[in-house]
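Peer 1: Each chain, written out:
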Amino acid sequence: MGLIIIITIVLCIGLWIVFRKANHRIVEYASLEHKELKQQIATQNAQITTRQIHLDRYHFLRYNLQEALQPQPEIKI
Amino acid sequence: MPKFIFPALMVLLCGWLPLLAQETLPNIDSALAVLKSAPKDTAQAIRYQKIGGHYNVTQLDSAPAFFRKGWRLSQELKYRKGEWINLNGLGNYHERKTQYDSAMYYYNKALKIVEETQSTKGFAIVLNNVATIHIRRGAYETALQFMFDALKAEEALNNRNGIAQAYNNIGVVYYYTQDFDKTTFYLTKALEIQEELGTYDGLINGYNNIGAIYIYQEKYEEAIKAYQKGLDFAKKIGDRKMEATQLSNMALAFSNKKDFTEAERIFNEAVSLRKEIKDYNGWAYSYQAFGQMYLEQKNFPKAKYYLDEALKIAREKGIKLVEKESLAVLVEYAEAQKDYQNANAYLYEYLAVKDSILNEEKTKAITEMETKYETEKKERDLAETRASLAEKDLEVKQKNILMYGGFGLALVLGLLGYLFYNQQKLKNRQLQKEGELKTALTRIETQNKLQEQRLRISRDLHDNIGSQLTFIISSLDNVKYGFPDLQEKLSEKLSGISNFTTQTIYELRDTIWAMNKNDITFEDLQARITNFINQAKIAASTTQFEFHIDHSLDHEQKFTSIQGMNMYRIIQEAVNNAIKYASASKVQVSVEETDEYFQISILDDGKGFDRESVPLGNGLNNMAKRARDIGAELSVASEKGKGTTLNLRIPKNT
Numbered sequence: 001m002g003l004i005i006i007i008t009i010v011l012c013i014g015l016w017i018v019f020r021k022a023n024h025r026i027v028e029y030a031s032l033e034h035k036e037l038k039q040q041i042a043t044q045n046a047q048i049t050t051r052q053i054h055l056d057r058y059h060f061l062r063y064n065l066q067e068a069l070q071p072q073p074e075i076k077i
Numbered sequence: 078m079p080k081f082i083f084p085a086l087m088v089l090l091c092g093w094l095p096l097l098a099q100e101t102l103p104n105i106d107s108a109l110a111v112l113k114s115a116p117k118d119t120a121q122a123i124r125y126q127k128i129g130g131h132y133n134v135t136q137l138d139s140a141p142a143f144f145r146k147g148w149r150l151s152q153e154l155k156y157r158k159g160e161w162i163n164l165n166g167l168g169n170y171h172e173r174k175t176q177y178d179s180a181m182y183y184y185n186k187a188l189k190i191v192e193e194t195q196s197t198k199g200f201a202i203v204l205n206n207v208a209t210i211h212i213r214r215g216a217y218e219t220a221l222q223f224m225f226d227a228l229k230a231e232e233a234l235n236n237r238n239g240i241a242q243a244y245n246n247i248g249v250v251y252y253y254t255q256d257f258d259k260t261t262f263y264l265t266k267a268l269e270i271q272e273e274l275g276t277y278d279g280l281i282n283g284y285n286n287i288g289a290i291y292i293y294q295e296k297y298e299e300a301i302k303a304y305q306k307g308l309d310f311a312k313k314i315g316d317r318k319m320e321a322t323q324l325s326n327m328a329l330a331f332s333n334k335k336d337f338t339e340a341e342r343i344f345n346e347a348v349s350l351r352k353e354i355k356d357y358n359g360w361a362y363s364y365q366a367f368g369q370m371y372l373e374q375k376n377f378p379k380a381k382y383y384l385d386e387a388l389k390i391a392r393e394k395g396i397k398l399v400e401k402e403s404l405a406v407l408v409e410y411a412e413a414q415k416d417y418q419n420a421n422a423y424l425y426e427y428l429a430v431k432d433s434i435l436n437e438e439k440t441k442a443i444t445e446m447e448t449k450y451e452t453e454k455k456e457r458d459l460a461e462t463r464a465s466l467a468e469k470d471l472e473v474k475q476k477n478i479l480m481y482g483g484f485g486l487a488l489v490l491g492l493l494g495y496l497f498y499n500q501q502k503l504k505n506r507q508l509q510k511e512g513e514l515k516t517a518l519t520r521i522e523t524q525n526k527l528q529e530q531r532l533r534i535s536r537d538l539h540d541n542i543g544s545q546l547t548f549i550i551s552s553l554d555n556v557k558y559g560f561p562d563l564q565e566k567l568s569e570k571l572s573g574i575s576n577f578t579t580q581t582i583y584e585l586r587d588t589i590w591a592m593n594k595n596d597i598t599f600e601d602l603q604a605r606i607t608n609f610i611n612q613a614k615i616a617a618s619t620t621q622f623e624f625h626i627d628h629s630l631d632h633e634q635k636f637t638s639i640q641g642m643n644m645y646r647i648i649q650e651a652v653n654n655a656i657k658y659a660s661a662s663k664v665q666v667s668v669e670e671t672d673e674y675f676q677i678s679i680l681d682d683g684k685g686f687d688r689e690s691v692p693l694g695n696g697l698n699n700m701a702k703r704a705r706d707i708g709a710e711l712s713v714a715s716e717k718g719k720g721t722t723l724n725l726r727i728p729k730n731t
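Protein chains in written order, with the working numbering: chain X, 1 to 77; chain C, 78 to 731.
Heads up, a few of these hints could be off.
To be verified - Derived CB-CB ranges, DEER-like:
hint	chain 1	residue 1	chain 2	residue 2	range
1	X	LEU32	C	ARG520	21 to 31 angstroms
2	C	THR119	X	GLY2	15 to 25 angstroms
3	X	ASN45	C	LEU490	43 to 53 angstroms
Said to hold, decoys possible - Taking lysine-lysine pairs in the DSSO-like style, the calculated list, with each CA pair at most 27 angstroms apart, reads:
hint	chain 1	residue 1	chain 2	residue 2
4	X	LYS38	C	LYS504
5	C	LYS702	C	LYS657
6	C	LYS657	X	LYS21
7	C	LYS657	X	LYS38
8	C	LYS515	X	LYS35
9	C	LYS702	X	LYS38
10	C	LYS657	X	LYS35
11	C	LYS702	X	LYS35
12	C	LYS381	X	LYS38
If you're looking for bench data, these hints aren't it; they were derived computationally from the structure. Model, not experiment: these values are computed from the prediction. Don't be surprised by glycine CBs; every beta carbon is placed ideally from N, CA and C.
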């Protein structure tokens with residue numbers, strides 16, 4: 001009887017530990033993925049913002065459009 | 078004399094057996110209960126041995142199972158002492174079953190362990206038991222070797238009690254070999270140590286036995302000394318019965334020594350003591366023994382007196398054995414007196430008593446057998462009940478195991494399910510978040526690409542089409558100035574084309590401007606309209622232009638680039654129409670804001686037109702289309718000679 005209880009408790013604790021570790025790994029991996037995606041979004045945002053700032057600064061009547069067009073080598077169209 | 082040897086042998090064996098026997102437990106049920114509930118430790122191994130020892134005495138067949146369990150448990154625990162004591166118990170069991178080969182097998186195994194563990198105590202105990210087997214087999218020499226080894230072990234431990242027991246056992250072996258000198262020597266040594274240790278129990282009997290052996294050897298002086306010692310100890314511990322016995326035996330020794338005076342004196346002392354303590358049995362026995370002694374001495378009167386007294390007491394007190402023996406001696410007495418009639422009468426009486434004893438013995442034996450049968454039956458019933466209880470207990474245990482096992486399994490499976498579910502939920506959450514991020518990334522990437530694309534198109538428009546249009550203007554100007562003789566009409570035409578192209582460049586720039594903005598603030602729009610009005614002022618110097626903006630209007634108000642561009646184009650078109658077709662002297666542009674919409678009004682004081690008779694031209698149609706495109710409402714009010722009013726209403730929620 002005692003042995004059954006001990007085995008059950010040990011199994012439960014073991015399972016809990018295994019799943020806890022597995023979940024931790026999942027969260028860790030997903031966090032990395034999310035971080036990567038957020039970085040990419042931030043990069044894109046930064047590009048859009050930079051471009052927009054330059055476009056906003058442009059005065060069509062005085063400057064040539066060429067001056068407002070910032071090169072964006074990372075964007076492949 | 079052999080009759081003295083018999084009790085000696087009994088007592089010697091009694092002194093010897095404790096080494097072989099196991100102690101019985103006062104409460105075996107509680108011991109079994111403890112055994113059942115106690116943990117499996119070294120104490121449990123000893124418990125198995127003790128319970129096995131108990132059953133070795135009380136219920137032999139139950140014993141080996143406990144010893145085996147104890148042995149196995151000790152092996153599991155690597156508890157060497159537990160191993161040898163249980164093996165020793167198994168040896169005891171087989172010895173009791175007279176299976177001497179098996180007994181020797183287990184004793185040898187136990188001996189091997191005590192040798193390995195250098196347990197001197199164990200060595201002494203097991204050696205003693207091995208010696209016992211050799212005694213049982215009649216191998217006294219070998220037995221003696223083991224006994225002496227055991228003695229050495231006890232001496233090494235300086236265990237005085239053990240040494241005394243070893244001496245006692247050696248004395249017993251010598252007794253079996255009929256070496257009475259050595260028997261008395263070792264038994265005396267054993268008794269001396271016991272005396273030294275103050276363990277008086279058995280000392281009196283011990284000296285009594287030694288006295289008996291000395292009498293057998295006809296060493297009366299030594300016998301008297303031994304009895305005297307026994308007497309001293311009896312007095313010391315106040316055992317008056319044994320005191321009388323020693324005196325009686327001493328008297329017999331004196332009698333054998335032919336010192337009848339001393340014998341009679343001591344005998345009378347013994348008898349008076351027995352009278353005093355009312356030991357009728359001893360009293361009658363003493364009279365009978367003395368009667369026999371005087372008969373052997375042919376002192377017939379004294380013999381007759383003591384025998385009659387013995388018979389009298391025996392009959393009074395119903396001591397059949399003494400009665401029978403006294404009658405037997407009286408038969409001899411009558412025969413010695415040649416009184417055959419009385420001899421015959423004594424003989425008849427003797428036979429009658431003997432038969433009566435036999436009957437009594439038979440009855441007693443039957444009763445004993447019945448009692449034994451009943452006891453065995455009860456024990457069997459008890460064993461059956463125990464077995465049944467054990468079976469039920471086992472069933473309950475199995476049920477409990479199943480129940481607990483099932484519950485445990487269900488718990489584990491439930492937990493497993495919950496953990497899986499939880500994990501899947503976590504995965505889904507992470508995937509959903511990842512999906513959202515990916516969607517956002519895709520959207521922003523698309524936006525970025527779109528913006529880049531727009532820029533590229535804008536650049537192409539500006540760099541290619543813009544420069545080509547500039548080239549056209551430049552070429553037209555060159556033609557105009559290179560050919561001064563051109564007809565006036567042609568020159569005007571070229572000028573018109575040049576102006577149109579210039580206008581196209583402006584529009585192109587406006588388009589690029591609108592295209593590159595996601596949204597246009599009212600401030601931007603205002604700047605462009607102001608700029609346009611200023612240009613218009615230059616182009617039509619005779620016309621007066623006014624541009625009003627409601628001050629309450631939010632300058633940060635945002636329009637989409639399409640809205641902004643179309644609003645600008647409508648204003649541009651309306652102002653152009655006012656200059657070109659209405660020949661207005663005053664053009665007024667105003668912007669107002671209400672709760673629901675923005676309103677841009679373009680008013681002129683030109684010649685106006687009748688909306689019913691004049692069809693709408695391309696310019697007005699274009700304005701209407703642009704207004705529809707941005708969800709705005711365009712209304713045109715004009716009357717001949719009263720100018721034109723154009724209202725553009727842009728709802729706020731579009």
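Peer 1: With reference to the structure, classify each hint as holding or not holding.
Peer 2: Structure-based check of each hint:
no., hint, result
1, X:LEU32 with C:ARG520: 21 to 31 angstroms, "22 angstroms, holds"
2, C:THR119 with X:GLY2: 15 to 25 angstroms, "20 angstroms, holds"
3, X:ASN45 with C:LEU490: 43 to 53 angstroms, "49 angstroms, holds"
4, X:LYS38 with C:LYS504, "19 angstroms, holds"
5, C:LYS702 with C:LYS657, "21 angstroms, holds"
6, C:LYS657 with X:LYS21, "81 angstroms, violated"
7, C:LYS657 with X:LYS38, "56 angstroms, violated"
8, C:LYS515 with X:LYS35, "11 angstroms, holds"
9, C:LYS702 with X:LYS38, "43 angstroms, violated"
10, C:LYS657 with X:LYS35, "61 angstroms, violated"
11, C:LYS702 with X:LYS35, "48 angstroms, violated"
12, C:LYS381 with X:LYS38, "133 angstroms, violated"
This entry does not satisfy hints 6, 7, 9, 10, 11, 12, going by the numbered hints stated previously.
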